[in-house]
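Using the working numbering, the letters of the sequence shown map in sequence onto residues 1040 to 1246.
Accuracy of the hints is not assured; some may be wrong.
Listed below are the simulated DSSO-like cross-link pairs for lysine-lysine, each with C-alpha atoms no more than 27 Å apart in a straight line [to be verified]:
| hint | residue 1 | residue 2 |
| --- | --- | --- |
| 1 | Lys1067 | Lys1104 |
| 2 | Lys1104 | Lys1127 |
| 3 | Lys1099 | Lys1132 |
| 4 | Lys1244 | Lys1065 |
| 5 | Lys1149 | Lys1090 |
| 6 | Lys1092 | Lys1127 |
| 7 | Lys1167 | Lys1078 |
| 8 | Lys1236 | Lys1187 |
| 9 | Lys1090 | Lys1132 |
| 10 | Lys1067 | Lys1127 |
| 11 | Lys1149 | Lys1187 |
| 12 | Lys1242 | Lys1092 |
| 13 | Lys1132 | Lys1065 |
| 14 | Lys1067 | Lys1078 |
| 15 | Lys1104 | Lys1236 |
| 16 | Lys1067 | Lys1242 |
| 17 | Lys1099 | Lys1227 |
| 18 | Lys1242 | Lys1190 |
| 19 | Lys1190 | Lys1244 |
| 20 | Lys1048 | Lys1132 |
| 21 | Lys1205 | Lys1244 |
| 22 | Lys1227 | Lys1244 |
| 23 | Lys1127 | Lys1048 |
| 24 | Lys1065 | Lys1187 |
| 25 | Lys1180 | Lys1227 |
| 26 | Lys1242 | Lys1227 |
| 27 | Lys1047 | Lys1227 |
| 28 | Lys1227 | Lys1190 |
The hints are simulated quantities; they were obtained by calculation from the structure and are not laboratory data. Since the model is a prediction, treat every value here as computed from it, not as a measurement.
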Amino acid sequence: MSEELISKKDLLELAGISYGQLYRWKRKDLIPEEWFVRKSTFTGQETFFPKEKILERIEKIQTMKENLSLDELADMFSPNVAYLNYSKDELIKRNIVSTAVIDFYLEQEKGSLDFNFTRMLEVFVLEKLLQSGEINLEEGKMVLQVLKEHKALINPKSCELVITRKLGMSSCLLLINAEEFHFEHSTKVVTQLSLMKCMEEIKAKLF
């Protein structure tokens, strides 16, 4: 699966922003460096972007910059969240997770009732997938295992969780900075979830 790209010229026109705005947001780390993709074309080197991601990010920036400074937005989009810590009850109150899903999570993990951001992300991903009906409880255990085993890798600005099924058997993959991936035709991609997008959703509920 490859991402659709959009040229810088088309992006500026479609989003209604200037060249200066785009690169100011880049300097403030509101738009990740790796989204600026240099490619050779018949006119020379041009800059392209992952279309869906960049348009969604620009929409968020334009919506939220009325109430937040660029520095505050940068903090929100940044993966640096080591200082965050919330209780089970606070996560439920802020609609980050339901009581049923957080109880399921704690039953598997048997950990503390206080949640740092790593654990918040794990339980939030479970919430999204279980409540959507895309996975069952056994698959939820598999997702949790993958997230916990590879939590040290979930720092890059491009990280995707992919769940597949083949002949009734499920698999869970964590893709880091992957532009595209391919499976044999009999393998069905059940869901593809951006963990960076999940982080942004969590922080939007916290701040």
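Comparing the hints with the structure gives:
1. Lys1067 - Lys1104: Given pair Lys1067, Lys1104 holds - Cα atoms ~13 Å apart, limit 27 Å.
2. Lys1104 - Lys1127: violated (30 Å)
3. Lys1099 - Lys1132: The given pair, whose Cα atoms are some 24 Å apart, holds under the 27 Å limit.
4. Lys1244 - Lys1065: holds (24 Å)
5. Lys1149 - Lys1090: violated (41 Å)
6. Lys1092 - Lys1127: violated (31 Å)
7. Lys1167 - Lys1078: Given that 27 Å is the threshold and the Cα spacing comes to 35 Å, the pair is violated.
8. Lys1236 - Lys1187: Between Lys1236 and Lys1187 the Cα gap is close to 18 Å, so the pair holds against 27 Å.
9. Lys1090 - Lys1132: violated (34 Å)
10. Lys1067 - Lys1127: violated (33 Å)
11. Lys1149 - Lys1187: holds (13 Å)
12. Lys1242 - Lys1092: Holds. Lys1242 to Lys1092 sits at ~18 Å (cutoff 27 Å).
13. Lys1132 - Lys1065: violated (34 Å)
14. Lys1067 - Lys1078: The hint holds at about 24 Å.
15. Lys1104 - Lys1236: holds (18 Å)
16. Lys1067 - Lys1242: Cα-Cα ~18 Å, so holds.
17. Lys1099 - Lys1227: violated (31 Å)
18. Lys1242 - Lys1190: holds (18 Å)
19. Lys1190 - Lys1244: Holds, at roughly 22 Å.
20. Lys1048 - Lys1132: Cα-Cα ~44 Å, so violated.
21. Lys1205 - Lys1244: Violated, at roughly 36 Å.
22. Lys1227 - Lys1244: Violated, because 32 Å separates the two Cα atoms, which is more than 27 Å.
23. Lys1127 - Lys1048: violated (46 Å)
24. Lys1065 - Lys1187: Measuring from Cα to Cα gives roughly 31 Å; hence the hint is violated.
25. Lys1180 - Lys1227: holds (20 Å)
26. Lys1242 - Lys1227: With Cα atoms ~31 Å apart, Lys1242 and Lys1227 exceed 27 Å; violated.
27. Lys1047 - Lys1227: This hinted pair is violated, its Cα atoms lying about 33 Å apart.
28. Lys1227 - Lys1190: This hinted pair holds, its Cα atoms lying about 25 Å apart.
Checked against the numbered hints given earlier, the structure breaks hints 2, 5, 6, 7, 9, 10, 13, 17, 20, 21, 22, 23, 24, 26, 27 and satisfies all the rest.
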